[in-house]
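> Produce the entire structure from the sequences given, and follow the hints as far as they go.
Residue numbers (the numbering used here), protein chains in the order written: chain B, 1 to 179; chain E, 1 to 362.
Keep in mind that the hints were calculated from the coordinates and are not lab data.
Where is the CB? At the ideal position from N, CA and C, for every residue including glycine.
Among the hints, a few may not be true.
Claimed, not checked - So, partial list: chain E residues that the calculated Cβ filter (under 8 angstroms) puts toward chain B:
| hint | residue |
| --- | --- |
| 1 | Leu124 |
| 2 | Gly144 |
| 3 | Gly145 |
| 4 | Gln182 |
| 5 | Ala186 |
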Amino acid sequence: MGVFKLGKMTFGSLFKKPETVLYPIEQKPKPVGLKGHIAIEAESCILCGMCDRSCATNCITVDKQARTWAIDRFQCIQCGYCVTCCPKKCLHMDPDYAPASTQHTVDVVEVPAQDKPAKAEKADDNKPAATAAAAAEKPSETEQVPTNAKDRDEALLAAIALMEPEKAQRVRDALEARS
Amino acid sequence: MGKKAIIPFGPQHPVLPEPIHLDLVVEDEVVLEATPQIGFIHRGLERLVQTKDYNQFIYVAERICGICAFGHSMGYAETIERLMDIEIPKRAEYLRVIWHELSRIHSHILWLGLAADAFGHEALFMHCWRLRERVLDLFEKTTGGRVIFSVVKVGGVQRDIDASMLDEFITVLDGIKDEYAQICKAFLNEPSVYNRTAGVGVIPYEDALNLSMVGPFARASAVNYDVRMLGNGAYSDLADFAPILSDNCDCYARMEVRAAEVPQSIEIIRELASKIPAGDIAIPVKGAPAIDSEACNVVEQPRGECYYFAKGNGTKYLDRMRMRTPTSQNLAGMAVALKGCDVADVNMIVLTIDPCISCTER
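In C-alpha cells form, the structure reads like this:
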C-alpha cells in the first residue's frame with residue numbers, strides 16, 4: 001500500500017526540526033557570497049565607466065560631469081560582471097536583496113571628488129572661473145583653464161595650500177622634478 | 001467508429017510547467033495524431049549575440065532556461081573557448097562538472113516532484129522539493145545564486161569551492177541519496193504509478209534512433225548515447241562511466257532511468273571532489289574570435305544532448321550562436337509516442353518526456 005511506503009520518512013519527520021522557517025519572523029542565514037544586489041564604495045570610484053560599458057542590460061549609468069553613479073535595480077540581473085570588470089574593485093555584491101518597491105526608481109550615488117594631485121589641481125583651477133561665470137553663461141571646460149603661466153602658478157599654489165601636508169609635499173616634489 | 005475530433009491540450013495545462021500546445025486528433029478516446037505547436041515564449045535570445053559581446057552573452061545564455069541554467073552557461077563558455085583556442089585550468093573543468101552534475105540532480109528531483117504531483121501524491125511532491133531545496137542551498141553557498149548562478153566565465157569559473165565546502169557537498173548529497181532512494185522506492189513500486197505508465201507511450205529502439213531522440217527519453221529506449229561518454233572536460237577523468245539504459249521503451253522506463261541518474265550524478269560529484277586538482281580557476285582571456293572561425297560543442301543537459309555552434313567575425317561580437325536543445329530533438333519522438341495512446345495517458349507521456357519549452361524556443 002502506498003500509504004505506508006513513505007511511512008518511515010513521514011514518521012521520522014515528526015521528531016525532526018521543521019525544514020521550513022517562520023518567515024518573515026525567522027529568516028535563513030544568508031551565505032557570505034550571496035548575490036543580493038550591487039553596492040558601490042563611492043570613495044574609491046574613479047568614474048571610469050567600465051561597469052557602464054560592461055553591463056549586459058545597460059542598467060548602470062556613469063555620469064562623469066555630474067560625478068554620479070546610477071543603477072536601475074529593476075533592470076539589473078545581478079550577474080556580477082561589472083564587479084569583475086571594475087579596475088578599482090569598488091563594486092561588490094552585497095548579500096542583502098534590494099528591497100521591493102512599487103515605483104520604478106533609479107538609485108543614484110554621488111561620487112566624491114578624488115584627492116589625487118592632478119585632479120585637485122584641475123578642480124581648484126576651475127573654481128574661480130566657475131564662480132566668476134556663475135552669473136553669466138556656463139563656461140566650457142577650455143575657458144576655465146587659466147591661460148597665462150602666472151595665473152596657472154597662482155592657482156596651483158592655492159590648490160597646494162588646501163591639500164594635506166604630505167600630499168602637498170608630494171606635489172611640490174613632483175613639480176620640482178618636472179622643472 | 002466514432003467521429004474524429006480535435007482536442008486542444010495546453011498551452012495552459014495543470015501538468016505543463018511551461019507552455020506547449022498540442023492538437024490531439026482523437027477518435028473514441030484514442031489519439032490518432034498529435035501536432036505540437038510552440039512559439040508562446042520565444043525571446044529571440046540567439047539574435048542577442050550580435051548585440052552583446054561574447055563575455056556578456058554568457059549571462060544571456062544561462063537565462064535560456066532556469067533548470068538547465070548552469071549547463072547552458074558551461075556549454076556556451078566551452079564553445080567560445082574552442083572558438084578562441086583557449087585551454088582552461090583543470091580545476092575549473094572539475095568545478096564546472098561538479099556544478100553541472102548538481103544541476104542535473106536538482107532538475108531530476110524537480111521532475112520527480114512534478115510527476116508525483118501529477119499523480120496526486122502531494123506528500124511525495126513536498127518531499128522531493130524538500131530535497132531539492134538542499135541542492136539549491138549548496139548552489140547558493142558556492143555560487144551566490146539559487147537558480148541563475150553567473151559563475152562561469154570564458155576562461156574558467158568565477159568562484160572556487162574550498163575543501164571544507166566540497167566535504168559539505170558530499171555530506172549533504174549522501175543525505176539526499178538515502179532519502180531519494182526511499183522516495184523512488186515509494187513512487188516506482190506504487191501499483192497505481194506502474195499501471196498508468198507501464199506499456200504506455202512506447203517508442204522502440206529503431207524509432208528512437210530514427211527520430212534522433214536524446215537524453216533519458218532515448219536511453220529509456222536502449223539508445224546507448226550520453227555526451228558524458230565522450231569525456232569532454234573533467235568527464236575524461238572519471239574512472240568508469242556507463243549510461244543508464246532501459247529496454248522497456250515506455251513511460252515507466254523513462255521514470256526509472258531518470259530516477260537512477262541522480263545517484264549516478266552523486267557518485268560523479270564524489271569522485272571528482274576526491275580527485276580535484278589544486279591550481280587556478282581561470283585564465284585571463286583577451287582578444288576576440290578570429291574572422292570566420294567556427295566551433296561546435298555538445299553538452300549533456302539534464303534532458304539530453306545540447307549542441308552549440310558559434311561563428312566569430314573578428315570582433316568581440318559573434319556572428320552567429322546556435323543552440324539545438326534536447327527538447328527540440330525530442331518533440332518528434334513525443335508526437336510519435338502520443339500516436340495511438342489514450343487521451344487520459346497524454347499527460348503521463350508528456351510528463352515523462354520532461355519537455356523544456358524555454359530551452360526549445362529560446
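> Looking back at the hints listed earlier, which ones does the structure fail to meet?
none
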